[in-house]
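Keeping their order, the protein sequence lines are chains A and B.
Residue numbers 1 to 889, in the working numbering, belong to the letters of the first sequence in order.
Residue numbers 890 to 1012, in the working numbering, belong to the letters of the second sequence in order.
Keep in mind that the hints were calculated from the coordinates and are not lab data.
Since we're looking at a predicted model, the values are computed, not measured.
Accuracy of the hints is not assured; some may be wrong.
What the hints assert, rightly or not - Pairs of lysine-lysine, DSS-like flavour, derived with a Cα cap of 25 Å: (1) B:Lys955 with B:Lys986; (2) A:Lys41 with B:Lys955; (3) B:Lys913 with B:Lys969; (4) A:Lys41 with A:Lys29; (5) A:Lys745 with A:Lys688; (6) B:Lys969 with A:Lys29.
Said to hold, decoys possible - Residues of chain B placed beyond 10 Å of chain A at every Cβ, according to the derived structure: (7) Gly922; (8) Glu932; (9) Asp935; (10) Ser998.
Heads up, the beta-carbon is just placed ideally off N, CA and C, and yes, glycines get one too.
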Amino acid sequence: MSIFRRKRSAEDFAAEIQSHLDLEADDLKDEGLSEDEARWKARREFGNVRAAQERFYIRGRWVWMERLLRDVRFGLRSLRQSPGFTTAAVLTVALGVGANTAVFSVMNAVLLKSLPVADPDRVVYLRTSNPPHGTGTIDSHETFSYSVYDALRQHSQGLAPLIAYAPLSNSKVAVRYGAQPEEAEGDMVSGAFFSGLGVNLPHGRGFNEQDEANHSPIAVISYNYWTRRFARDPDVLGKTLYVNGVGMTIVGVAAAGFEGVEAGGSTDFWIPLQSRPELNAWGNAPEDGKTYITNSTWWCLRLIGRLAPGVTRAQAIGQLQSTFQSAAYMGLGSPTAGEKAPVLSFADAKNFPGYEEQYGNPLRILMAMVGLVLMIALANVVMLLMARNATRQREFSVRQALGAGRGELLRQLLTESLMLVTAGGTLAWGFAMIAAKLLGSWAQIESSLAPDKTVMLFTMGVLVFAGLLFGLAPMRVALAGRAELALKTSAAASNADAGKSRAARAIVALQIALCVVLLVGGGLLIRTLRNLQNTPLGMRLDGLVVFGVKPNTASVPEGVVFYQNLMNKLRVLPGVESVTVMEERIGTGWSNNGDMRVDGRLPVVANGASRWVRSNVVGPEFFSTLGVPILSGRDFADSDTASSPHVGIINEQFAKRFLPGVNPLGHSIGTEDGRYTMRIVGVVKDHKYRSIDEEPIPMAWYMYVQIPVIGEMHVEMRVHGEPLAILPSAQKVVQQLDPNLPLIKPMTQRAQYDQTISGQILFARLAGFFGFLAIVLVATGLYGTLSYRVNMRTAEIGLRMAMGARRGQVVWMILKGSLVLTAAGVVMGIPLAMLVGRALTSSLYGVAPLDAASYLIAVSGVAVVALAASAVPARRAASVDPLTALRTE
Amino acid sequence: MATQENNDDRIALLQGTLDLLILKSLVLGPVHGQGIARSIQRESEDVFFVDHGSLYVALQRLEDKKWIRAKWGVSENNRKARFYALTPKGREQLVEKTGEWRRLTRAMSLILDSGNGPQGEEA
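Next comes chain A alone, as it looks inside the complex (with noise of 0.2 Å):
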């Protein structure tokens, strides 16, 4: 029937109809006409042979576009007749694809995603087994010293270009364009990175091999950042912007939709490796004087290669990896005994780096939570359509006595069912697309989450199949009624076999087990949500303020006199309580971590416990500011000062288990190197430091002036009254100290801790939701059947009353029923819920897998939810006339 299939000709057509005349001129003579007589009568008689071929032509070639139109009008009638079934089945597949269609999207770009570069399949991340000892790390596999990149840039015709990397901050960086300062994302990147990844500039140039060795004061911007701050100026090209106080000539324009490679993050500029003190990698102040460049033990940068022509990624290992061992312990001097050697891979640049550990396992949990909606409502809508497809039993039996044949109703049936995946498809691309938006601003994604080619093909293969599901399930039910039903009178009898659908019962019940495992993972994870917004800090977080300030000063007692003088203003503001200042800003997850000396000696822990600390740098007042208790000492105050003896403070975890059973005041301290000692001058009760779902861990706390690091310090102010409401005149305060420097971050302690489980804020709200719409679609199923079921049991009811049936037995025969339904759903929900809760474990907090009130609490919404939806129908049922009902028979 469609065009591919045809096999015969308009010129065999033609010939069949001219044998046609001859032959009927033949009889027609035959019967004792002359021969044109017959001619002319036999042409007569045929009608119009034109239009005939013409029938015949378009039969062939359009016939299917003529038949899809006759299919489509006769759909829109159908669907037009039942308003009520219609939208709710285009709503349901709307919200259940468009779940999916976000929450794919989300995932997509976050875990499956390739980096946005030209060929990303030849393109691979540097991982390392592990850094050597006496090095400090951004991450122990992701990042490498500007030594081994030196070393391996140098060895390596495997890898053609080797790229290195780093922001130049690990939040925001001070840029000012104009007068104004203000705050932006920039990386640090080599020569070779824009060529190297093969990402176009449409505007000016990138970077090259020359701009890296002379550390170029060049930048280019993103396409967005051109578009958001330089409203797509051409003129950008050739002016200056500075970078903490650095003038970077802006020499080109990255492609549009290239937002660089920081996972997550959308790059603003980025500028060629540097070596200028101000502009360290990650914004860390020089240690020592040394740069990333000059500083061989700091692994700070990532490494991104591109494989050479030709070479497989084991041949590019093999060749790189001796230089690579022998280049990590550049600095280091020779391994120590018994040190594992660092061993060099590669990894796919599939996504963003650390993404899979912080995203991977909550995506997949919810991709597979919003799969089950997805299944809840597609069962829903076949409910409905065979609900529906039943009580058209006499319509198909009609038209199939007519000549319509089983093919022809298929194609009606999916005719149909294609339109409502249509309607509902376009609906849920659109609830998608403001999803996914909604979701990486919760999710403070802020890299574009935009559904893509690959999002599309997701969606329309789950819309193909939930059309084909549509169109077949119910034409079971449409052809069960053979073609004498349609002579059939009486509406209870050719009715009654649909209402009794064993299948109906089966997926109600299935419905009933999904929702239940939906409620109890929602349950979990909003308890585990409760528990973190209610676990102590520690602390007294009402009227706490911090921002981030990075002074330009050249040496260590410059930058102490900048924050002194800072601290002294800030103090003196109307509504002030107290400053103090952090070089780790708490609450971001972020904290140095190393092994500490205690008494001149690294301490010795019992079975194996780690010896782990995690230590801050910090100003006067700090404990007190915070609202943290000293239990005995002292806090750090100015008289601590760079020539008075070094003080630390330590927490009882500290106490506990590195001076167990002493008095820890006076006792020494000091970094593992043994360069700074530290007295111990005080002790503070447990708080937390990096995040609100850290457990209890050692601590230890070094006083600013004391310690030769300065760079960008956290300024932390204790207010009265609404806290934010201090940041204009602390603005002020700054500018009159350097114009150029802008507020970082500025915001309220609490809504720092906030962000530490946003995630699970995000994944907990999410997961409620989900679950609250799993079980709104099961009422909604629910109520759907069981209405059609006493529908069609009508005249049954009439008759069990007219023969003395009672009301309240007729409305339990109706719950008795859903009740088994619910009761069946619950007993293959719960081990379904078991198996969820334990794929659950890693992100649940403070309950158990395993939470009684977690299942009570489902099990028993969905037995109201089931209860409530049978309720109207038994109702109904026990209204019923039994002489009314006996007589629409």
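With chain A fixed as given, assemble chain B onto it according to the hints.
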């Protein structure tokens, strides 16, 4: 019988009928299109007149459904003609459709012949 109106429902009805008539006229063996038209006309005692254009479209449709198959051959009076024959599937359809049609006509006549129609008034 012959109508060119493009009304969905009526075409469905007519198609069903014409299909059945075509299948019936092929029971005794292969016949060409003109022969089918003549035989329907003759067998119905000239009540049905077959629109030839519709006939060929219907033949094409049945061929597509594989209920009949066609082959070029030579007629008794030595003219080239396209002969149609029933397939086994077509034979099944013929039996099934005949049954359906019988039941439908019986039901129709039961209703039409019952006592409260126009006939009753006539009496």
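*Decide if the proposed pair is consistent with the structure: A:Lys41 and B:Lys955, CA atoms, cutoff 25 Å inclusive.*
Roughly 33 Å separates the two Cα atoms, so the pair is violated.
*Against chain A, does B:Ser998 keep a CB gap of more than 10 Å to every residue?*
Correct as stated: the minimum Cβ-Cβ distance to chain A is 13 Å, above 10 Å.
*asked:* What's the verdict on B:Lys955 and B:Lys986, does the C-alpha distance respect the 25 Å limit or exceed it?
replied: Since the Cα atoms of B:Lys955 and B:Lys986 sit roughly 16 Å apart, the hinted pair holds (cutoff 25 Å).
*Regarding the pair A:Lys745 and A:Lys688, is the alpha-carbon distance no greater than 25 Å?*
holds, 20 Å
*10 Å Cβ clearance of B:Asp935 from chain A*: holds, 13 Å
*For the pair supplied as a hint, B:Lys913 and B:Lys969, is the alpha-carbon distance within the 25 Å limit?*
holds, 23 Å
*Take a quick look at whether B:Lys969 and A:Lys29 sit within 25 Å of each other, Cα to Cα.*
holds, 18 Å
*Within a Cα-Cα threshold of 25 Å, do A:Lys41 and A:Lys29 meet the stated pairing?*
holds, 10 Å
*Confirm or reject the statement that B:Glu932 sits farther than 10 Å, beta carbon to beta carbon, from all of chain A.*
holds, 16 Å
*asked:* Checking a non-interface call: every C-beta of chain A should be farther than 10 Å from the C-beta of B:Gly922. Is that right?
replied: violated, 5 Å
Going through the hint list in order, the structure does not satisfy hints 2 and 7.
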